[in-house]
Amino acid sequence: MTQLTLSSKFQVVIPKAIREAMQLTPGMPMQVLQFGDRIEFIPVRPVQESRGLCRGMDTHFERDDDR
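Residues in the sequence shown are numbered from 1 upward in steps of one, following full-length UniProt numbering.
Simulated from the structure, these hints should not be mistaken for lab results. Please note: incorrect hints may appear among the correct ones.
[Stated by the list, open to error] Just the calculated beta-carbon pair ranges, DEER-fashion: (1) GLY36 / GLN11: 32 to 38 Å; (2) ASP65 / GLU20: 49 to 55 Å; (3) VAL44 / ALA17: 40 to 46 Å; (4) ASP64 / GLN11: 28 to 34 Å; (5) LYS16 / ASP65: 57 to 63 Å; (6) PRO29 / LYS9: 15 to 21 Å; (7) GLN3 / ASP64: 21 to 27 Å; (8) LYS16 / ARG38: 18 to 24 Å.
Note that CB positions come from ideal geometry on N, CA and C, so glycine has one too.
Work the whole structure out from these sequences, hints included.
Written out as structure tokens, the structure is:
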């Protein structure tokens, strides 16, 4: 686990290994969530990156008869 320090302006520096592994870039928007005593940063990716995510998925299913 990597430890970081909160600056006097409440800023943090994400370690280089994590930035590279997650392909983070300067100015990238992030969501910040609080879970109890934990803080999570989640990168907001452009919708275009999700294109083709469900390619090949079988979307056919049996429906019940409508009333």
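Outcome of the hint check:
Checked against the hint of 32 to 38 Å, the C-beta distance between GLY36 and GLN11 comes to roughly 23 Å, which is inconsistent with it. At roughly 54 Å, the beta-carbon separation of ASP65 and GLU20 lies within the given 49 to 55 Å, and the hint holds. In this structure the hint that VAL44 and ALA17 lie 40 to 46 Å apart at CB is violated, the actual value being about 21 Å. One distance hint, 28 to 34 Å for the beta-carbon pair ASP64 and GLN11, is violated here, with the actual separation near 54 Å.
Taken as a hint, the range 57 to 63 Å holds for the pair LYS16 and ASP65, whose Cβ atoms sit roughly 58 Å apart. Hint check: PRO29 to LYS9, Cβ distance near 19 Å, so the stated range 15 to 21 Å holds. One distance hint, 21 to 27 Å for the beta-carbon pair GLN3 and ASP64, is violated here, with the actual separation near 54 Å. As the Cβ distance of LYS16 to ARG38 is approximately 23 Å, the hint placing it in 18 to 24 Å holds.
The earlier numbered hints that this structure contradicts are 1, 3, 4, 7.
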